[in-house]
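Undergrad: One letter stands for each residue in the lines below.
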Amino acid sequence: MKQSKKTPIALIVLLLAASLIVPNVGGEQLEVQIATRTDLFPIPNIILPSQGFATVMLALMLAMTALSVYLTFVRNKKTPLIAVIAFSFGLIMAVLAWLFSGATMTFTTLLAGSLALAVPLIFGSLSGALSERVGIINIAIEGQLLAGAFTSALVASVTDSVLLGILAAMIAGALVASILAVFSIKYLVDQIITGVVINVLIIGLTSFLFSTLLADNISLLNQPPRFERISIPLLGQIPVIGPVLFNQTLIVYLMYLAVAGVFLALFKTRWGLRLRSVGEYPKASDTVGINVFRTRYMSVMIGGALAGLGGSFFTLGQVGAFGKEMTNGAGYIALAALIFGRWNPVYAAMAALLFGFALNLQYALQIVGSPLPSEFLLMLPYVLTVVAVAGLVGKVKGPAAAGKPYVKS
Amino acid sequence: MRLELKGITKKFGDFTANDQIDLVAESGEIHCLLGENGAGKSTLMNVLYGLYQADGGEVILDGKPTKFAGPGEAMKAGIGMVHQHFMLIPVFTVAENVILGHEPTKPLGFLDVEKARELVREISSRFGFDIDPDAVVGDLPVGVQQRVEIIKALISDAQVLIFDEPTAVLTPQETDELMEIMRQLKDEGKAIVFITHKLREVKEVADKITVIRLGKVVGQAKPSDTTEQLASMMVGREVDLSVNKDPANLGEASFQVQNLTAFSPSGNKVLDDVSFEVQRGEIFVIAGVQGNGQTELAESILGIQDKVSGSIKLEGKELLGKSVKKVLDSGVGFVPEDRTEDGLVADFTIAENLMLDRSDRPPFAKGIQLQLKNLHEFAGQKLKSFDIRARSIFSKANQLSGGNQQKVVLARELSRDLKLLIASQPTRGLDVGSIEFVHEQIVAARDSGIPVVIIATELDEATQLGDRVAVMYKGKIVGVVSPDTQREELGKLMAGISA
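Taken in sequence, the protein lines are chains A and X.
Start counting the first sequence at 1; every next residue gets the next number (the numbering used here).
Start counting the second sequence at 1; every next residue gets the next number (the numbering used here).
Careful, some of the hints might be misleading.
To be verified - Cross-link-like lysine-lysine pairs, in silico, PhoX-like; alpha carbons within 20 Å at most:
hint, chain 1, residue 1, chain 2, residue 2
1, X, Lys307, A, Lys5
2, X, Lys474, X, Lys322
3, A, Lys78, X, Lys269
What the hints assert, rightly or not - Okay, the calculated beta carbon distance ranges per label pair:
hint, chain 1, residue 1, chain 2, residue 2, range
4, X, Lys307, A, Leu201, 37 to 47 Å
5, X, Lys106, A, Lys77, 33 to 43 Å
6, X, Asp134, A, Phe208, 53 to 63 Å
7, A, Lys78, X, Lys307, 15 to 25 Å
8, A, Leu81, X, Lys322, 49 to 59 Å
9, X, Thr66, A, Asn291, 18 to 28 Å
10, X, Gln399, A, Asn291, 26 to 36 Å
11, X, Phe127, A, Leu188, 40 to 50 Å
12, A, Leu81, X, Leu370, 49 to 59 Å
13, X, Lys106, A, Asn291, 47 to 57 Å
14, X, Ser482, A, Lys78, 44 to 54 Å
15, A, Asn291, X, Lys307, 41 to 51 Å
16, A, Ile21, X, Asn268, 48 to 58 Å
17, X, Gln53, A, Phe208, 43 to 53 Å
Derived by calculation from the structure, the hints in this document are not laboratory data.
Everything numeric in this text was worked out from a predicted model, so none of it was measured.
Every residue, glycine too, gets a C-beta built ideally from N, C-alpha and C.
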């Protein structure tokens with residue numbers, strides 16, 4: 001079997017791009033601030049020679065590219081994932097050195113923010129995983145997120161309770177998912193079209209309700225309480241790890257549970273085995289007595305509930321109020337993360353973190369005043385999505401029955 | 001356990017697939033259900049297995065009338081099925097496939113993987129299977145996949161086992177081994193229902209034979225009955241199972257394939273340095289178990305296979321690299337293996353299907369205008385001369401039986417000026433009557449003095465039709481032999497053991 005040449009070619013292209021950047025790294029030094037106020041002990045800022053650091057990273061990338069080329073063309077073997085990860089690390093570091101050179105990079109804060117911004121993407125990709133693993137293509141993640149965002153803002157404002165807000169968001173997400181489920185399972189409508197239509201419908205519906213209802217009664221209907229930052233004792237005080245992972249809001253902790261839970265449920269339980277069998281070959285599931293339709297409905301709706309929960313991040317976590325089309329394509333990025341992560345919740349979460357990092361980088365750079373125009377920065381997460389999915393994912397197969405309705409004869 | 005089907009009737013719209021069928025299966029006995037494709041065997045078993053609901057009649061288990069709302073209930077009642085198209089999930093491991101539906105679990109619904117492995121090992125060792133519970137099913141050879149399917153049926157402690165056309169995908173050796181497994185199951189006291197249309201197999205293992213035709217039981221037969229008796233019962237008239245043909249009148253080798261190598265889209269080598277020559281007036285059969293590169297070979301010749309290298313010459317002219325249209329125009333007739341997918345446009349009429357390849361030229365077209373009068377005249381003739389049984393030339397292709405669909409394909413392909421005929425499994429799924437007709441047409445094409453290439457998966461067809469038989473295994477031609485070669489010898493070649 002011949003190896004796909006996609007990975008080495010993608011690496012070469014990225015390497016060339018990076019080698020254009022590295023000589024332009026200006027400024028004398030790069031100051032990296034790792035410490036935060038809550039640390040158990042102080043850590044001094046690290047000062048790196050920016051040009052030298054970038055060159056070292058370029059060398060790392062060169063080595064990984066050479067390895068990939070050698071393995072693919074000479075040994076006819078697959079490029080190991082670790083090489084791609086090492087390459088990506090080098091690339092990100094080199095770019096950071098270029099962008100932050102001469103300024104102070106608050107590294108820990110950057111990471112913590114990335115994690116938070118990845119939250120809706122991760123919940124969205126979990127929704128995608130549960131749905132696609134059971135054989136229903138889920139383009140409607142965007143709609144589920146948006147419905148969750150809207151409902152949580154409304155309900156949390158009225159009840160003044162964050163918990164009721166996220167509960168309502170989950171119900172809203174599940175309801176949106178149920179539209180997808182009914183149309184694809186019962187009425188056998190094309191799932192991609194259904195998904196797109198649902199997104200348009202939810203955008204229209206929430207925008208309409210926002211203009212007619214929320215805009216006039218902001219204080220009553222669109223001023224929800226926000227998630228509070230909860231620091232976990234001790235864990236939260238470990239340098240770097242603490243502020244990034246354990247000094248976050250409730251929804252982030254829920255996200256940890258959801259990723260682990262969905263992963264375990266999918267791959268280690270009876271429920272997950274049956275669910276995946278339905279997504280691969282529903283007739284085989286049927287012949288051993290598994291109810292294909294019920295399994296599909298259930299899984300798609302649980303996914304929808306998770307995406308709805310993720311949507312509450314926009315209103316209760318990030319902005320503090322609902323705004324028109326505020327999800328801004330996050331659902332599609334979540335879908336990309338799902339594919340990048342090969343339909344595996346843990347990998348998808350990691351991919352979502354990468355996208356979250358790109359999102360946050362854009363904010364951080366606006367503050368530092370980077371050499372890049374801000375319009376370009378806005379593009380960054382999407383460019384990253386395209387490059388990641390097209391260039392590095394390679395040939396992966398999703399669930400075999402995804403997109404195909406099951407018709408009992 | 002004793003299973004009795006009484007007066008089972010199943011209708012699909014106006015069509016009665018099963019009409020008052022009775023059948024009894026008892027433990028320690030292999031009961032063959034013999035019938036042609038489309039006779040209603042699989043429908044009957046799907047009713048029994050709860051996949052279909054019967055419109056009449058009842059299923060009686062150990063004297064108690066039962067009704068299965070779904071396969072789950074049938075399994076609980078002790079009925080297991082080895083499906084014709086395996087009900088296995090290619091990306092799951094053997095153990096995962098086997099336990100699906102009745103998974104051993106630990107608290108909270110977590111799978112007990114170790115117990116699943118043990119179950120697989122236990123049943124494997126009982127039958128002398130050597131199966132790794134952690135192997136991914138999609139990576140296993142078809143014969144082994146079938147064993148996984150058998151283990152899966154046994155895991156719920158089935159007492160009645162249904163084998164639905166289990167030998168369709170097996171090599172002769174694997175078939176023999178399967179027969180052995182069936183005998184062993186019988187000795188364990190299982191009741192076995194064996195559905196097939198292959199007479200040889202019936203005679204080999206059956207204790208009882210029930211023959212069905214057009215949805216009705218036509219009678220019981222004994223394994224000691226002759227093949228001819230069984231065949232005429234199955235078909236409903238005297239049949240001649242052999243192919244009538246005169247010795248080949250060979251001419252020059254006008255069709256040459258040299259060093260043909262091809263890769264699948266995923267990069268696997270599907271044809272590996274294939275070379276052969278076919279003479280005018282010769283039927284060259286390419287035999288082998290399905291999926292060993294035969295499809296790709298046919299598609300390479302036609303020009304629809306990507307990534308091919310080598311050379312394909314017809315009367316000295318290179319075909320490789322030419323468009324399908326050019327290849328057809330140079331005199332290649334092609335009967336694809338999947339007639340409903342590749343041979344016909346299902347929603348088109350017979351007449352329209354008959355001109356698919358020539359819709360742009362006289363007599364069917366003048367400029368951009370179709371000459372419908374010419375077409376209808378032509379179609380009318382073909383309807384008669386190919387004995388296509390349809391209401392009219394305006395019947396849609398998807399309303400025809402398989403045999404009549406194949407006649408439409410043949411009529412189209414054979415009414416051009418051919419210099420080469422390629423037919424891929426031309427009799428797959430056809431009734432005996434149509435098979436005779438198709439064979440006659442193929443022999444007639446040969447006798448008209450063109451080279452003929454037939455791709456066959458049934459050994460009998462290969463040896464009866466062919467003047468020479470090549471065997472393909474994993475994309476290679478592993479041997480070219482005369483058609484009177486011993487069955488065992490051919491079987492070995494089909495399993496990749498070169499002579």
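Undergrad: Work down the list of hints and note, for each, if the structure agrees.
TA: So, going through the hints one by one against the coordinates:
no.: 1; hint: X/Lys307 <-> A/Lys5; result: 16 Å, holds
no.: 2; hint: X/Lys474 <-> X/Lys322; result: 26 Å, violated
no.: 3; hint: A/Lys78 <-> X/Lys269; result: 17 Å, holds
no.: 4; hint: X/Lys307 <-> A/Leu201: 37 to 47 Å; result: 44 Å, holds
no.: 5; hint: X/Lys106 <-> A/Lys77: 33 to 43 Å; result: 38 Å, holds
no.: 6; hint: X/Asp134 <-> A/Phe208: 53 to 63 Å; result: 54 Å, holds
no.: 7; hint: A/Lys78 <-> X/Lys307: 15 to 25 Å; result: 20 Å, holds
no.: 8; hint: A/Leu81 <-> X/Lys322: 49 to 59 Å; result: 43 Å, violated
no.: 9; hint: X/Thr66 <-> A/Asn291: 18 to 28 Å; result: 20 Å, holds
no.: 10; hint: X/Gln399 <-> A/Asn291: 26 to 36 Å; result: 34 Å, holds
no.: 11; hint: X/Phe127 <-> A/Leu188: 40 to 50 Å; result: 41 Å, holds
no.: 12; hint: A/Leu81 <-> X/Leu370: 49 to 59 Å; result: 57 Å, holds
no.: 13; hint: X/Lys106 <-> A/Asn291: 47 to 57 Å; result: 23 Å, violated
no.: 14; hint: X/Ser482 <-> A/Lys78: 44 to 54 Å; result: 45 Å, holds
no.: 15; hint: A/Asn291 <-> X/Lys307: 41 to 51 Å; result: 43 Å, holds
no.: 16; hint: A/Ile21 <-> X/Asn268: 48 to 58 Å; result: 39 Å, violated
no.: 17; hint: X/Gln53 <-> A/Phe208: 43 to 53 Å; result: 47 Å, holds
In this structure, the hints that do not hold are numbers 2, 8, 13, 16, in rising order.
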